[in-house]
Amino acid sequence: MIKAILIFNNHGKPRLIRFYQYFAEDMQQQIIRETFHLVSKRDDNVCNFLEGGSLIGGSDYKLIYRHYATLYFVFCVDSSESELGILDLIQVFVETLDKCFENVCELDLIFHMDKVHYILQEVVMGGMVLETNMNEIVAQVEVQNRMEKSELCNQN
Amino acid sequence: MALKIVKGSIDRMFDKNLQDLVRGIRNHKEDEAKYISTCIDEIKQELKQDNIAVKANAVCKLTYLQMLGYDVSWAAFNIVEVMSSSKFTYKRIGYLAASQCFHENTDVIMLTTNQIRKDLSSPNQYDTGVALTGLSCFVTPDLARDLANDIMTLMSHTKPYIRKKAVLIMYKVFLKYPESLRPAFPRLKEKLEDPDPGVQSAAVNVICELARRNPKNYLSLAPLFFKLMTSSTNNWVLIKIIKLFGALTPLEPRLGKKLIEPLTNLIHRSFSSRVLIFICFGFFKLAHKKSFSDVIVSLCYITVLISLSSGMPNHSASSVFLRISVVKYLGLLAMSKILKTHPKSVQSHKDLILQCLDDKDESIRLRALDLLYGMVSKKNLMEIVKKLMIHVDKAEGTTYRDELLTKIIDICSQSNYQYITNFEWYISILVELTRLEGTRHGHLIASQMLDVAIRVKAIRVFAVAQMATLLDNAHLLTGNMQRNGICEVLYAAAWICGEFSEHLENPVQTLEAMLRPKVATLPGHIQAVYVQNAAKLFATILKNQEGNTDSTAAQETSQMMIDRLPLFVQSANLEVQERASCILQLVKYIQKLQQKDVEVAEEVSALFAGELNPVAPKAQKKVPVPEGLDLDAWINEPPSESESEDEQPKAIFTKEEPKHSRPRHTEVDEKELARRREARKQEQANNPFYIKASPSSQKVYQEAPGVEHIPVVQIDLSVPLKVPGLPMSDQYVKLEEERRQKERAEKKKKEKKKRKEKRSGRGKKHDSGPESEEDITPAHVVDIVTEEMPEKSSKHKKKKQKKEKEEKEKKKKKKHHHHHHHSDGGGEESVQNGTVEEEEPLTFLVFPLPRKVCDIQGNLQDGSQVVVSVIFENKSDSFLKSMEFNVLDSLNSKLQRPEGSGPHDGLTVPFQLPPGVSNEARFVFTVQSIVMPQKLKGTLTFIVKDSSTHEKLDFKLHFTCTSYLITTPCYSDAFAKLLESGDLKSSSVRLEGVNMPFHHLLARICFHHHFSVVERIDSCASMYSRSIQGHHVCLLVKTSGQTVSIDAKCDEPTLLGNVLDEIKQTFSQC
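Note that the protein sequences, when read in sequence, are chains Y and U.
According to full-length UniProt numbering, the first sequence is numbered sequentially starting from 1.
According to full-length UniProt numbering, the second sequence is numbered sequentially starting from 1.
Cut-off 25 Å, straight-line C-alpha distance, at most; resulting in silico cross-link-like pairs (DSS-like, lysine-lysine):
(1) Lys115(Y) to Lys159(U)
(2) Lys935(U) to Lys956(U)
(3) Lys360(U) to Lys41(Y)
(4) Lys159(U) to Lys149(Y)
(5) Lys340(U) to Lys378(U)
(6) Lys16(U) to Lys115(Y)
(7) Lys118(U) to Lys149(Y)
(8) Lys13(Y) to Lys29(U)
(9) Lys87(U) to Lys149(Y)
(10) Lys149(Y) to Lys16(U)
(11) Lys115(Y) to Lys87(U)
(12) Lys337(U) to Lys3(Y)
(13) Lys48(U) to Lys16(U)
(14) Lys952(U) to Lys894(U)
(15) Lys44(U) to Lys115(Y)
(16) Lys176(U) to Lys3(Y)
(17) Lys394(U) to Lys41(Y)
(18) Lys16(U) to Lys13(Y)
(19) Lys257(U) to Lys227(U)
(20) Lys13(Y) to Lys34(U)
(21) Lys457(U) to Lys379(U)
Keep in mind the hints are simulated off the structure, nothing from the lab.
Given only the sequences and the hints, what does the whole structure look like? Please build it.
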């Protein structure tokens, strides 16, 4: 199970947070701060796994993250997930974002947090991996975007 | 009305949308909080409007603010309003907001039930999808209960998009409302074979999560997963399945063996692709089963990967999967899993792992540390600990340093200090560790000091000297003692100096150190020990001094005690106060006697007389109950229940006695018991007279037969060198090296003599043979408080036992394959020029005879085909090539040969076998009738490359009726119909003396005979399977006690009879 997905930039500013277990807002912010603190001090060429973040902690959990340009993508998962599988999933997610936004950059995430959420919803649902096939994900996202567009056109 | 709409859309034009909000926040970096609070006010206004578009926009902005840490739960009702919009666009916004901020205690969730139900049954699949996604995040027990049925229906929706979401969300529903699991399970199982890969993957996902919680219940699905594993190409599914098998194999060991070949195939299939790595690492997770070969295989892969990665330049920024650090981490993780069962194989990679300690990545270092624990041996302990000590010095960050410290102590103390050969070295390591700043583990170090000093008698002189130095330099430790726990060490130091004060070089100085005013700043429990041990020390000093003619020295000591002790009498700590005032009075009395020239030393030291012996934690149990003592009998009858507390009888004794007898204890509830146990443990931990069991040593204690061993007499060896002052542990490494060399030389000389001794003596761990682990005799011996010494008789015997074990294992292996495919790789024929190795008791390991294992499976697509997969394993040392597989066809079964070849030609096996390698080949047979089992004779010919000789190997293939059956799921209604139809003939069989739980029995039938469970009620289950030619086979299995009765129905009575015979055979073999 995936317990949380956090995206923040090089300064620790959250760009998307998705908790699959309830935490109050201040706790969420604290988790983001601590995670950022842990992840940001690591070199880019060390491994992508971290054990023992105390907040979303417990020995069963680990952080799996990837760093792309200005953004960190951090997944907090338990031992039922394969480390490499999650790394691959992050890649799939980022590539999907890239396709949907056409050359995605941090600004896209800043201004379209809702859209990023909708894309993520097609990849992970309730903490479990829903789809790993990128074409399928993109197709579903596009159909929904078209629906949204036609609804808004009809209204105006 | 029209006006309102116009007004609404005009408003909207001036409203901020999400982008505007974000832009605004970015433009107000200085007064962000203020800006946001005005935004929230605006949002509140927007929410009050009737226009749903405005509301949705507001909710969308709230979702963004929620991410920034603002509590938006006040808008929960508005979110529900937006959720219930008929427009997909707004609905989606509403559900997103809900999934971000709703939780179990959000009260408006109750209002959503009907809305969600409506959305679930919406004709638009995306409405349904959005509702499912949202629900997965905020499902509550109530929602789960109310909506379970709706979701279950969605599991068979026509659109795969909905099906996969519905399947996945079922896991959440199960968690919140476990009752739904039973009715939903058949459908979930069905989804494992869904035509859509996404749905399939979702079902695998859910079942894997379920199985993680309770693997036993999912054993029956093993065949199904097995099939999925061989057919699926989806990496994600494969990873999950392998993980699942990792959980199942401990329950059904045979599964492990079955898995080897498909896993190996997977690795071959996906060689050089990314999947390879996936699969490999998944594979290691399986390594905890006992089969040896697969561990070797996996180890090979890790080593290959680690060495590959270190030889590779770090160019692969593009491929994170091959990055050195990632591979290293995963390799270490995998090794730690293998280590549990196969420590030896991992030990050989010690250098590789030690290197990882130098890695700059903390994750990798922690992993490596974890591994080191399992890898130490007598030979490398000092080296490893030395390396760790260097790291302790270098380490920055207390967490990592504390981790290192505990690891060092864990490593050294594991299994009763099994690996420590020189305890002086260990003591100095402990002393060095006390110099660490800011560690939290002072207590741990203290308990180690106590433990070693008490149990290793030979070390006491040295330990006492060290502890005295520690006490003398206590100010170094207590400098910032408020923060750190290192002063706990003083507790141990004081106690050791007091208890073993006869070894002290300069007791007066130590006594002085213990009574310094600064001591009063230490924690209370440490002061108490100081006071008590000062008294012990005082007794020793008196004894020493009274021998002298000059009595003034003794009187001076008494005077010092009298001067210093009042400091402790004033202590706020009760324990300290009480002890101090007792001892103060005692010393005053002694002083009086001294002034009268009375010799008191004898009597004073009698206060602390008696040697402390280690006692095993379970020793009390070994003391026989004296005759005539019945612990269960009442000492006093318990007071009758009706009596209330206040009306207790006046007699005090009758009232108090029952407290100590049993009935009182039975009243205590579990929690209280646990609390007391904890308290007792605490007490024991603080009690230096009590030997604590380290978790690792527990096992040794357990099998403890007699009383006579409680204190084990130990061999005192002379301690080689006494080092003044605080020693450096490093020097011991050198010393140890010298000692070992000397020993080795001596050993060579005395080898003959020793061998004799060994046989008669209770040789602890002697074994000849160059450089073996057992060669290193410890410099000091720990009192191992166990009743069973690790007795090792001559090497010869050991080898024999090993052989016997091997033999047994092999037999077991053979047996396993026996019943459902009868491939006889060995035992029957010997090769003409084969030489039987003489020491090998097993006749079938004949050179160069490959062992074969095969599996026979029906082909569902073609009712007349059977696929036989054969594993060829070359167990010889030579290269085998040109293998030809041939079977003598019978009327009924024929080997399918390529067109144009004659009926007696063999099939060329499409590979060659280097020594030690195995590979799999498949052969297709056509069968006409499947109702009877059948044996086919065949031969395998091959050429041994070195000698270029043709060799021949005969074998038999046993086509059982079971192998024609194919696991097919069946639902109870269909099953009932089938039984009602009346076309089936029945038959039954009884199995006696089956001694296994019912679900194991079912799993066994499922696994070995390809059945699936239709329904199970208590000790009765119905099962179903289908043959490749479409015969239905139904079983009703009942159990009572050790008898199992199977009533079976099938439309082909001969087939049924044979299947039942085979089932019977399966159970007669176990």
